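Given next are the chains, with one letter for each unit.
2 protein chains.
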Amino acid sequence: MRIGELSSRTGVPVPTIKYYLREGLLPVGERTSPNQAQYGDAHVRRLKLVRAMLDVGKLSIASTREVLNAIDAPGNTLHGMLGVAQSAVTAKVPAGEDTAWKEADQLVAELIEHRGWRVKPSNPAWLTLTQIVATFKDLGQEDLLDILDEYASAAERLSAAEVAVVAGRSEPDSQVEGAVLGTVLGDALMAALRRLTQEDASHRSFTEAAPTEGAEAAG
Amino acid sequence: MRIGELSSRTGVPVPTIKYYLREGLLPVGERTSPNQAQYGDAHVRRLKLVRAMLDVGKLSIASTREVLNAIDAPGNTLHGMLGVAQSAVTAKVPAGEDTAWKEADQLVAELIEHRGWRVKPSNPAWLTLTQIVATFKDLGQEDLLDILDEYASAAERLSAAEVAVVAGRSEPDSQVEGAVLGTVLGDALMAALRRLTQEDASHRSFTEAAPTEGAEAAG
Numbered sequence: 124m125r126i127g128e129l130s131s132r133t134g135v136p137v138p139t140i141k142y143y144l145r146e147g148l149l150p151v152g153e154r155t156s157p158n159q160a161q162y163g164d165a166h167v168r169r170l171k172l173v174r175a176m177l178d179v180g181k182l183s184i185a186s187t188r189e190v191l192n193a194i195d196a197p198g199n200t201l202h203g204m205l206g207v208a209q210s211a212v213t214a215k216v217p218a219g220e221d222t223a224w225k226e227a228d229q230l231v232a233e234l235i236e237h238r239g240w241r242v243k244p245s246n247p248a249w250l251t252l253t254q255i256v257a258t259f260k261d262l263g264q265e266d267l268l269d270i271l272d273e274y275a276s277a278a279e280r281l282s283a284a285e286v287a288v289v290a291g292r293s294e295p296d297s298q299v300e301g302a303v304l305g306t307v308l309g310d311a312l313m314a315a316l317r318r319l320t321q322e323d324a325s326h327r328s329f330t331e332a333a334p335t336e337g338a339e340a341a342g
Numbered sequence: 124m125r126i127g128e129l130s131s132r133t134g135v136p137v138p139t140i141k142y143y144l145r146e147g148l149l150p151v152g153e154r155t156s157p158n159q160a161q162y163g164d165a166h167v168r169r170l171k172l173v174r175a176m177l178d179v180g181k182l183s184i185a186s187t188r189e190v191l192n193a194i195d196a197p198g199n200t201l202h203g204m205l206g207v208a209q210s211a212v213t214a215k216v217p218a219g220e221d222t223a224w225k226e227a228d229q230l231v232a233e234l235i236e237h238r239g240w241r242v243k244p245s246n247p248a249w250l251t252l253t254q255i256v257a258t259f260k261d262l263g264q265e266d267l268l269d270i271l272d273e274y275a276s277a278a279e280r281l282s283a284a285e286v287a288v289v290a291g292r293s294e295p296d297s298q299v300e301g302a303v304l305g306t307v308l309g310d311a312l313m314a315a316l317r318r319l320t321q322e323d324a325s326h327r328s329f330t331e332a333a334p335t336e337g338a339e340a341a342g
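Chains as they are written, first to last, in the numbering used here: chain W, 124 to 342; chain P, 124 to 342.
Take every hint as true, because none was put in to throw you off.
Derived SDA-like pairs: lysine to any residue, alpha-carbon spacing no greater than 20 Å straight-line:
#, chain 1, residue 1, chain 2, residue 2
1, P, LYS171, P, LYS181
2, P, LYS260, W, VAL135
3, P, LYS260, W, ALA290
4, W, LYS243, P, PHE329
5, P, LYS171, W, TRP224
6, W, LYS260, P, LYS171
7, W, LYS181, P, THR213
8, W, LYS171, P, LYS260
9, W, LYS171, P, ASP221
10, P, LYS171, W, ALA223
11, W, LYS243, W, GLU233
12, W, LYS260, P, PRO295
13, P, LYS141, P, VAL151
14, P, LYS260, W, GLY291
15, W, LYS141, W, ASP178
16, P, LYS181, P, VAL207
17, W, LYS260, W, GLU226
18, W, LYS215, P, SER183
19, P, LYS181, W, ILE184
20, P, LYS215, P, LEU177
21, P, LYS171, W, GLU226
22, W, LYS181, W, GLU146
23, W, LYS181, P, ILE184
24, W, LYS141, W, GLN159
25, W, LYS225, P, ASP178
26, P, LYS181, W, SER186
27, W, LYS171, W, SER183
28, P, LYS260, P, VAL216
29, P, LYS243, P, GLY203
30, W, LYS171, P, GLN264
31, W, LYS260, W, PRO217
32, P, LYS181, W, PRO217
33, P, LYS171, W, GLU265
34, W, LYS260, P, ASP178
Derived CB-CB ranges, DEER-like:
#, chain 1, residue 1, chain 2, residue 2, range
35, P, GLU265, W, THR222, 48 to 56 Å
36, P, ALA223, W, ALA290, 22 to 30 Å
37, W, GLY291, P, ALA223, 21 to 29 Å
38, W, GLU153, P, ARG241, 51 to 59 Å
39, W, ALA214, P, ALA223, 28 to 36 Å
40, P, GLY147, W, ALA232, 33 to 41 Å
What the hints contain is simulated information worked out from the structure, not anything from laboratory work.
Please read these numbers as outputs of a predicted model, since none were measured by experiment.
Beta carbons are placed, not taken as given, at the ideal position from N, Cα and C, and that holds for glycine.
Produce the complete structure using the sequences and hints provided.
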């Protein structure tokens, strides 16, 4: 198909497709004349993946390119590819030096050991988590850290379920896409679900009078 | 204390504090002479909260101001304030019109009904969730939606635990701060934990040979 059909099949405007081609997010088509190229189903699929990462996952162009390069690198294992996808979507946090930081780092290390997670210290989320723990402590929100273990078991169950779905797929390409989308869109999915359940929990806890039939009906 | 001590007690440089004052993120100090103002413990606390929202929660200056205005508005209920905090940290997604969008919206509505969540259709996360579901379907990742219910129960448990912690606090100011930080930093916390558990789950699933003692030791 020509670029116009690629545009109508994906809903992505032609100038935007050309921009993605220049940025290396989409492989060039097969040239059929000096001014024309042909695109195939693989381009449709890749274009949708690019849009998902940019629009829904809120990744930058540079991070999207990084993930796509990892997807396309020959011989990259699924485990290795997941690491690249994770790095691309995790903000880099500089390690702190003070006592508060060291205490937070210790708490994170203990959580990981107690949970038996086999993770490399180079996983960028280690530093992110340390920063969050240090912030909660600094702001006197230690009681919110009491439920850290509850967060940890929720994350454990979700990751196991996700990886099981992806591992159950027969096509390697589809496994790779699933791992990337699970990482990139899974955060957004969980955040959206937390917004909804927070509203529900807050509603139940703070706006309800003693539970009478009448109050319930007005809720 | 003077602005210099406020800076040394919080680690925030003086020019940055002045910037926050101009942007209305920090209330002005009590003027003691034409060129000097005095700051108190409330300023220390507020400054730390501002830094947490900007640096750890990755909120914009405008969103941070929106949340702070809600915190400071007299007569705002905790439930109402949580709604403002949620709006400020949730990207606005335009509603779609096509069949795929309507199907996704239907699926989200069914999930909410089946779960018994009392949420307003105006909760911005409804649209975000619809967009994510539509994207998963469009990319042929329906099998990842099979675990949507697992995500939903995880979110339910976390929100209930968070709200219980916050509701258990005796000071209203501290309840408000907890609700805001739980929303703003909770996303980042969950994302970081998912990165770690994903690495662990991927390690277990994709890199391990048949479980022999030797392979285990090399893991």
